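Put chain P with the ligands on the given structure of chain D with help from the hints.
Residue numbers (my numbering), protein chains in the order written: chain D, 279 to 609; chain P, 23 to 347.
Read the hints as simulated data drawn from the structure, not as lab findings. Every value quoted in this text rests on a predicted model; they were computed, and no experiment measured them. Glycine residues also receive a C-beta, built at the ideal position from the N, C-alpha and C atoms. Hints are supplied without guarantee of correctness; some may be wrong.
Said to hold, decoys possible - Among the chain P residues that face chain D by a calculated CB cut under 7 Å, a handful are: (1) Gln33; (2) Lys105; (3) Lys249; (4) Asn264; (5) Pro339.
Said to hold, decoys possible - Here are the simulated lysine-lysine pairs, DSSO-like style, with alpha carbons at most 27 Å apart: (6) P:Lys151 - D:Lys363; (7) D:Lys285 - D:Lys578; (8) D:Lys355 - P:Lys244; (9) D:Lys407 - D:Lys395; (10) P:Lys263 - D:Lys285; (11) P:Lys151 - D:Lys340; (12) P:Lys244 - D:Lys399; (13) P:Lys244 - D:Lys296; (14) P:Lys263 - D:Lys395; (15) D:Lys296 - D:Lys285; (16) P:Lys263 - D:Lys299; (17) D:Lys368 - P:Lys244; (18) D:Lys407 - P:Lys244; (19) P:Lys151 - D:Lys296; (20) P:Lys263 - D:Lys399.
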Amino acid sequence: MSFLEVKNLEVSFNLHSKSLKALQNISFNLERGERLGIVGESGAGKSVAAFAILNLISRPGKITAGEVLLDGEDLSKLSSQEMRKIRGNKVSMIFQDPMMTLNPVFTIGAQMIECLKAHRKISKSNATKIAIQKLKQVQIPSPEMRMNQYPHELSGGMKQRIIIAIALLMDPALIIADEPTTALDVTIQAEIMELLLDLCESNNVALILITHDLGVVSQVTQKTIVMYAGRIIEQGPTNEIINDAQHPYTQGLINALPQQTLPGEKLNQIRGSMPSLQDIPSGCSFNPRCDFVLDLCTQKRPEFTQSGGCSVACHMVKAMKDAEKGHSAHE
Amino acid sequence: MIAFLINRLFQAAIVMFVISLLSFSIQDNLGDPLRELVGQSVSEADRMELREELGLNDSFLTQYFRFAGKAIQGDLGTSYFFKEPALEVILKKLPATLELVFGATVLIIVISIPVGVYSAINPSSLFSKIAMGISIIGISVPVFLTAIIFIYIFSVELGWLPSFGRGVTEHVFGTWETGFFNLDGLLHLLLPCISLASIMLPLFIRLIRAEMMEVLQSEYIKFAWAKGLSPRRIWFMHALKNTMLPVITVGGVQIGTMVAYTILTETVFQWPGMGFLFLEAVNRVDTPLIVAYLIVVGAIFVITNTIVDLIYGLVNPTVKLVGEK
Ligand SMILES: Nc1ncnc2c1ncn2[C@@H]1O[C@H](COP(=O)(O)OP(=O)(O)OP(=O)(O)O)[C@@H](O)[C@H]1O
Ligand SMILES: [Mg+2]
Numbered sequence: 279m280s281f282l283e284v285k286n287l288e289v290s291f292n293l294h295s296k297s298l299k300a301l302q303n304i305s306f307n308l309e310r311g312e313r314l315g316i317v318g319e320s321g322a323g324k325s326v327a328a329f330a331i332l333n334l335i336s337r338p339g340k341i342t343a344g345e346v347l348l349d350g351e352d353l354s355k356l357s358s359q360e361m362r363k364i365r366g367n368k369v370s371m372i373f374q375d376p377m378m379t380l381n382p383v384f385t386i387g388a389q390m391i392e393c394l395k396a397h398r399k400i401s402k403s404n405a406t407k408i409a410i411q412k413l414k415q416v417q418i419p420s421p422e423m424r425m426n427q428y429p430h431e432l433s434g435g436m437k438q439r440i441i442i443a444i445a446l447l448m449d450p451a452l453i454i455a456d457e458p459t460t461a462l463d464v465t466i467q468a469e470i471m472e473l474l475l476d477l478c479e480s481n482n483v484a485l486i487l488i489t490h491d492l493g494v495v496s497q498v499t500q501k502t503i504v505m506y507a508g509r510i511i512e513q514g515p516t517n518e519i520i521n522d523a524q525h526p527y528t529q530g531l532i533n534a535l536p537q538q539t540l541p542g543e544k545l546n547q548i549r550g551s552m553p554s555l556q557d558i559p560s561g562c563s564f565n566p567r568c569d570f571v572l573d574l575c576t577q578k579r580p581e582f583t584q585s586g587g588c589s590v591a592c593h594m595v596k597a598m599k600d601a602e603k604g605h606s607a608h609e
Numbered sequence: 023m024i025a026f027l028i029n030r031l032f033q034a035a036i037v038m039f040v041i042s043l044l045s046f047s048i049q050d051n052l053g054d055p056l057r058e059l060v061g062q063s064v065s066e067a068d069r070m071e072l073r074e075e076l077g078l079n080d081s082f083l084t085q086y087f088r089f090a091g092k093a094i095q096g097d098l099g100t101s102y103f104f105k106e107p108a109l110e111v112i113l114k115k116l117p118a119t120l121e122l123v124f125g126a127t128v129l130i131i132v133i134s135i136p137v138g139v140y141s142a143i144n145p146s147s148l149f150s151k152i153a154m155g156i157s158i159i160g161i162s163v164p165v166f167l168t169a170i171i172f173i174y175i176f177s178v179e180l181g182w183l184p185s186f187g188r189g190v191t192e193h194v195f196g197t198w199e200t201g202f203f204n205l206d207g208l209l210h211l212l213l214p215c216i217s218l219a220s221i222m223l224p225l226f227i228r229l230i231r232a233e234m235m236e237v238l239q240s241e242y243i244k245f246a247w248a249k250g251l252s253p254r255r256i257w258f259m260h261a262l263k264n265t266m267l268p269v270i271t272v273g274g275v276q277i278g279t280m281v282a283y284t285i286l287t288e289t290v291f292q293w294p295g296m297g298f299l300f301l302e303a304v305n306r307v308d309t310p311l312i313v314a315y316l317i318v319v320g321a322i323f324v325i326t327n328t329i330v331d332l333i334y335g336l337v338n339p340t341v342k343l344v345g346e347k
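For reference, chain P alone in the conformation it holds in the complex:
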């Protein structure tokens, strides 16, 4: 277990290193920080002096190590726009985004497993064919279109659901600001979550269906039938557990990716999360904020992958987490 964690930490360090390198070169190439800091009125000589002072004339490596040294201490620079530490600005928006991702993940799990399993067991049923048809459409329709269609139907035409913002939120556990614990917050979550889920959902349904159909052909499932077990036990114990093993691995990566997709969803629904903020930061060439965003998303990626590996190790007896006995 310890060995596994060390291994994971090592991997995380590599990932973060690559991200920091990337972020830094973005910072280095994206516009001139001086222009953001000072106005037009400053003379060329003063600019040169300021450049020297800020270390902008140092070599790439020196600049990178200065950046990385500060980054490790959580200092990713000050947002040009907000005039606050970039990391703090991003982290304040993290809960909104995580809630969106969490909600979408729950939706995906709750829908894709029953639909995938059912259509694997009854591959030629009408339901299965409809599900497959819809999922093809779902894969090919871009998320902003789905979102706009949903807004049109449920907000504009029917007026059932709010189309933008987080609605009422409350503070729980001191600092966490959440919309999970009141109806208005939940209603606001619904459309954005559905839109975000709509990207991955068809993929998951198809993946689960394909895996399950393959598992159902396996010898151990035939043996389970020959033992006289009930169909319920065979499908939902024997087959489902084996189906979910590869799905967990793929799913973990996809959920990490979903964090990136929130940029679109949050923009369409004006959801005050990290993605929305990121897009604003790009428009304002607020490089410290962009860098902070990339690093936070990278960290989320590493964390989800670690959690997925842990779950996989728990479910699959043939994988012993290194060093565990």
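Looking at chain D on its own, in the form it has when it is part of the complex:
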């Protein structure tokens, strides 16, 4: 049994009496202390997946199938009160834009202390002590003073540090970070990412890192999930995905990395764009943008094929594997 097991998770949005599936067939496992990257273009469903794990999908969305097992406990079966005890406690979340994440009308201290008080019986002075200690851990200068400051008095980087400190308050076993550095100044992105990784590592916290940036994923995660139009299209060990991507979409993402391009050359963007939920093409949802499209791709949704340590949902990869198998059988 893994620490976190997500099985066939499905999320639908009810819009104008139509039900659109924003997430389908999401399954993966995560061990304690392990780091998983989720990549994909904008609109792939990465954030929806993150919120679905914490059962935080709000109207008009709904988890319509699947389960999320945390230490074997099915989170989707918990009452809202029991679920509340998990959020911010065993599993915390870090959001994309630190400018928007903290409530503008409460002090940093108030927003930290309330989190501690929500999860355990603790006096205000003890909560303050813990909060200050966490602020020190995320290297906030003069933490005592910060406690009485309001979010608008702090820089974006400082705020994201504070949000990381809030995420760490209850010593969680898992942190879900949804593009934690995207909104930050480029010069401090690496700094914040490093801080987050250090803290996860030293506290044995598992991390789900959602990002557009395959470069970051390759540096910090052990496992990678590639999402497209609400589905996982490839997942496996990060080094295999980066060095030997099977799915044409993953290959496209890797080729689009700036490192893959000579200076002055145009970036190798994947042509076209992610379909909206209303018009996901039949067959493989990636087929209109794929350079290797087969007839089958427009007709039938590909099943997962095992390739090395990765599972890939692609007809072409399957055909190649089958050919290889047939070949070796002949010999």
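Chain P with the ligands in isolation, oriented as in the chain D frame:
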């Protein structure tokens, strides 16, 4: 803080200047003051002399500065009808009107916040739909109609509530005459307050609901859920405080406006306040009284806006009152 007050005083001075200019031109154009002062029997020559004596032949500017100079000292002229200083006549009626506005404000706050918040949290509930429906009707029905319907139901048919006047009042703090401290006074307040509140109430319910729904979609509310806070804390601490910020600003202006709406309410309920008096003054072309009314209402406007700004500054940490550290 000092800088803020100076800034405010400056603004108030501008507002009062505009109002005084307006009032004065009304005075200048509304009928002939001589006709009010003297009878038909006075000869044309005597009239001319009197005009000269009263300074009515001076230029507009000279007349205005004379008027403004006196106004600053609290002298807005003598009411033609009451033969008393106009300002005193108005101020005597101020408590009745303020009580009406205060009562209506309390009603609005006590009703609109819970209803707005509830229907923002449960936007598709039956209660929310009914509240929205009623508020649409409420916005479109004119206040005198609401008032008459209330009088018909609660006074005429049911006989529960009095339909006119202030009832029993007592003096408190020396000069303040109030109906707040006895049952009869409070009963008399009820219908007029409800009628007056009925104009703004639907607006406030809708405003609070819309603001709150927007706040509930914000990232910091999602983060609050992700922290595992209780719904009560998220709704009534995190969301409500942010919802109320814009509502306070709008609300302050509206409550100022409500003072003007009292003219209608007071007339329907024969409430002996400033608005009632104002309408009488208009009928009698009692210009000093009209001018005094406008200036007092202007002052109330400025004062409420200042108070609202102060409250806003206290609630919203991102607004530092100028100069405060
Ligand atoms: N509240 C909502 N109502 C309707 N549709 C939604 C809602 N939230 C998300 N979606 C849809 O779900 C899909 C996935 O959105 P999601 O925010 O998870 O994308 P993402 O992968 O996180 O993209 P990004 O990289 O831009 O953050 C999108 O097509 C979006 O339109
Ligand atoms: Mg996202």
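Verification of the hints:
1. Gln33: Hint violated; Gln33 (chain P) Cβ to chain D Cβ min 25 Å, cut 7 Å.
2. Lys105: Result: violated, 55 Å to nearest chain D Cβ.
3. Lys249: With a minimum Cβ separation of about 4 Å from chain D (threshold 7 Å), the hint on Lys249 (chain P) holds.
4. Asn264: Constraint on Asn264 (chain P) satisfied, holds at 6 Å.
5. Pro339: holds, 4 Å
6. P:Lys151 - D:Lys363: With a Cα-Cα distance of about 33 Å, the restraint between Lys151 (chain P) and Lys363 (chain D) is violated, given a limit of 27 Å.
7. D:Lys285 - D:Lys578: Since the Cα atoms of Lys285 (chain D) and Lys578 (chain D) sit roughly 22 Å apart, the hinted pair holds (cutoff 27 Å).
8. D:Lys355 - P:Lys244: Roughly 21 Å separates the two Cα atoms, so the pair holds.
9. D:Lys407 - D:Lys395: The hint holds at about 13 Å.
10. P:Lys263 - D:Lys285: Violated, at roughly 39 Å.
11. P:Lys151 - D:Lys340: holds, 23 Å
12. P:Lys244 - D:Lys399: Holds, at roughly 24 Å.
13. P:Lys244 - D:Lys296: It holds: about 25 Å lies between the C-alpha atoms, which stays within 27 Å.
14. P:Lys263 - D:Lys395: Satisfied, since the Cα-Cα distance of roughly 20 Å is no more than 27 Å.
15. D:Lys296 - D:Lys285: holds, 25 Å
16. P:Lys263 - D:Lys299: violated, 35 Å
17. D:Lys368 - P:Lys244: Holds, because 17 Å separates the two Cα atoms, which is no more than 27 Å.
18. D:Lys407 - P:Lys244: The hint holds at about 26 Å.
19. P:Lys151 - D:Lys296: Holds - the C-alpha atoms of Lys296 (chain D) and Lys151 (chain P) are around 22 Å apart, at most 27 Å.
20. P:Lys263 - D:Lys399: Holds - the C-alpha atoms of Lys399 (chain D) and Lys263 (chain P) are around 25 Å apart, at most 27 Å.
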